[in-house]
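Participant: Sequence:
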Amino acid sequence: MGNKVTTIIAEVEKARKEIAACAVLFLSLAVLCFAFSERVLLVLVRLLGRKLVSYSPEEGLIALGSLSLYCAFVLTLPVAGYLLWRRLILPRVPAWRWWGGLVIAVATALFACGALLGYFVILPAGIGFLVGFETRDVRALISAKKFISFCGTMLIALGLSFEAPLLAFFLAKLGWLKPAFFRNRWRHALLACTVLSAIITPTPDVYNMTLMAMPLLGLYFVSFLVVYVVALGRVASPVPKDDDGVER
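Per the numbering used here: the sequence shown = residues 1 to 248.
Be aware that one or more of the hints could be misleading.
Quick list of simulated restraints, FRET-style, between CB atoms [claimed, not checked]:
(1) Asn184 - Lys17: 41 to 49 Å
(2) Val206 - Pro94: 47 to 55 Å
(3) Tyr228 - Lys51: 45 to 53 Å
(4) Glu58 - Leu116: 30 to 38 Å
(5) Ala140 - Glu58: 33 to 41 Å
Hints were generated in silico from the structure; no laboratory data involved. For each residue, glycine too, the CB sits at the ideal point set by N, CA and C.
Make a model of the complete structure from these sequences and hints.
Facilitator: Given below as structure tokens:
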């Protein structure tokens, strides 16, 4: 255990320059995104169809600032992914050195697919459900800060969850993930997706939790299909491996 902790600390120490670069990039992008935060907010408000309200003098500024941080986080992800690939993956699997650009492009596309699914399908359904409880005498006043938190959390969570098939592909290529893992644990996956959706969904209602859990469970089966195809390729054309079981 002590050796593993020492190894992790050593890896973090080696990557301190990359971590610092990501931090500087994130802060720079946050400042830049703040200049466009009102336009981005208009895109989100279209889902609501009404104006937001501010419950304190500083809430408007805080809301735009948090929106800028969400945007900066998303824009920093490709760079952070590339640095992670170069620092952690390539030293262990040099044969994959030509895959870096393709991996980052695919990862970015998958994240975009998850975010677009959230924006066009899940968020409208979730917001419509919550706002639909208004009556003639009770009208919801939506806080700008809470609305941005709701949308930002949902979109980023969906975007990151869509990286699961890509992660499953590389774990299968390394021989660390087998189809049997998915076949034997689909019931556990159902429970895990439900719990995870409850954690990452900003609201406690069952409807939005279900909306989040459905794509997560779908990604589980897509990952299973990816691992199954990789396993079929191994059987059809076995390739030489090194001492760690990695394809050469």
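Participant: If a hint holds in the structure, say so; if it does not, say that too.
Facilitator: Hints and how they fare:
With their beta carbons about 42 Å apart, asparagine 184 and lysine 17 fall inside the hinted range of 41 to 49 Å. Separation of valine 206 from proline 94 is about 48 Å and conforms to the stated range, judged on CB atoms against 47 to 55 Å. Separation of tyrosine 228 from lysine 51 is about 49 Å and conforms to the stated range, judged on CB atoms against 45 to 53 Å. For glutamate 58 and leucine 116, the Cβ-Cβ distance of about 32 Å falls inside the hinted range of 30 to 38 Å, so the restraint holds.
In this structure the hint that alanine 140 and glutamate 58 lie 33 to 41 Å apart at CB is violated, the actual value being about 22 Å.
Of the numbered hints stated above, the single one contradicted by the structure is hint 5.
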